[in-house]
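Peer 1: One-letter residues, chain by chain:
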Amino acid sequence: MPRKAQDYDDIPGTFVFDAERSRQGYGINMFCASLMKDENRKAFRANEVEYLKQFPLTPAQTEAIRKRDYNGMLELGGNIYFAAKLGATDGHSFQHLAAVMAGSTQEAYLKMMLAGGRSVEGNRSKSGKGDPPKTGKSTRGSRHRSGSKHG
Amino acid sequence: MARIFAGATSSHVPAIGAAIDTKRTEEPYWKRVFSGFERSKEWMAQAKPDVVIAIYNDHANAFSVEIVPTFALGCAAEFPPVDEGWGPRPVPVVKGHPELAAHIAQSVILDEFDLTVVNKMGVDHGLTVPLNLMFGSPTQWPCPIIPLAVNVVLYPPPTGHRCYMLGRAIRKAVESYPEDLRVLMLGTGGMSHQISGPRAGLINSKFDRAFLDNLTKDPQKLTRIPHLEYMREAGAEGIEMVMWLIMRGALDDEVDEIYRFYTVPASNTAVGHIILENRKRAPARAGKANRTAVRRNRKTIARSKR
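Chains X and W, in that order, are what the protein sequence lines are.
Anchor point for the first sequence: position 76 equals 75 in numbering that gives the first Met the number 0, and the numbering is continuous, going up by one each time.
Anchor point for the second sequence: position 31 equals 30 in numbering that gives the first Met the number 0, and the numbering is continuous, going up by one each time.
Hints in this document: simulated from the structure, not taken from any laboratory.
If you're wondering where the values come from, they're calculated on a predicted model, not measured in any experiment.
Errors might be hidden in some of the hints.
Reference excerpt, derived from the structure (chain X facing chain W, CB under 10 angstroms, subset only) [as the list claims (entries may be wrong)]:
#1 D6
#2 D17
#3 D37
#4 Q53
Heads up, the beta-carbon is just placed ideally off N, CA and C, and yes, glycines get one too.
Generate coordinates for the entire structure from the input sequences, incorporating the hints supplied.
Peer 2: Here you go:
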């Protein structure tokens, strides 16, 4: 059955971790949660393929984990707080993961954050339905730089 | 009688905890964040709450995807810091207040808030980072802390209105507790941020500042913000700001804004912080007898105004 359309699917660049994704990604998230124990982190590092066999994962989910394709993991039902434990196992911070997901270099991402972050202007809605009404006041937003160009 | 005298909120970014733990708070990037909480620590040293009720969210640490409670009240005697994947934070064990927590649980469940009672629970940066920001880094936290974990990880979290009403119910519970305790509500999380997906890095200062304004002046307006708007405007993870409404719901309708701080960024997140006091101000720290006397005086004053 295809995923039921949700109002929040209209938000660009966002995978909302809802009940449907939670069901689908149970194996991803249980794998990530297992990395809270140091012995498991060591076992995973020693042999990733073997370690992953303990969890109910589809081939696509296994591949996303192996490639550290965080967006792929989220789309297939992973949650960012769980995925961060894989990042931590690799020695990475949340900001590192965020830059990877944003398709940005670490430097460019850091610079974007220091400059006030990714602007919401132009990043609210895929359909345009979520954009504020174009009154005289709100059109000011269109002159703001679009954060996505920096991402 | 126990009563809630004030509320405070603070963001709870893990990188803030890491900066404390690795002693980088004096670096310019972090000093900008930490300097905003100097005043708060001074306020806290004066306020000296007897108990803190800390509303926070767990980040896939105490609660996995196996069990996801919407509201989970920590009724244990203590809550150790968990290993979030980087090793446990070197912070004191959080000591609870099991008697007050049990009383709150019983009261709010009968008030139709079906929360989960938790007697064994570790706590993560969601709780310990705001404690550091408000108390500094003591060897022991200065008072008992009751953790209230709110699910904001699995969509949908409770609505803002539900959170606000839970705050009201907690207040009622606290006020029916016989011991003379001064209780501080601490709301954590936010402000705007998105740490997942290609839109990661989203910040919306305009939304955040309006949220802070209304937290003081018009919280009812905030209770009507739908989840879609939080996620669209403040980022997928910005939705955790609903937790601040539990804090606000537990305060008087009219409050005094004592202090506010806002800066961008800490790692991926806009940092927001506010301290609100109820107008029927608790008297300066005094003995029980004194406090009763002051209360009596205040009643007299109130009566004389009528």
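Peer 1: Of the numbered hints stated earlier in the document, which are not met by this structure?
Peer 2: 4
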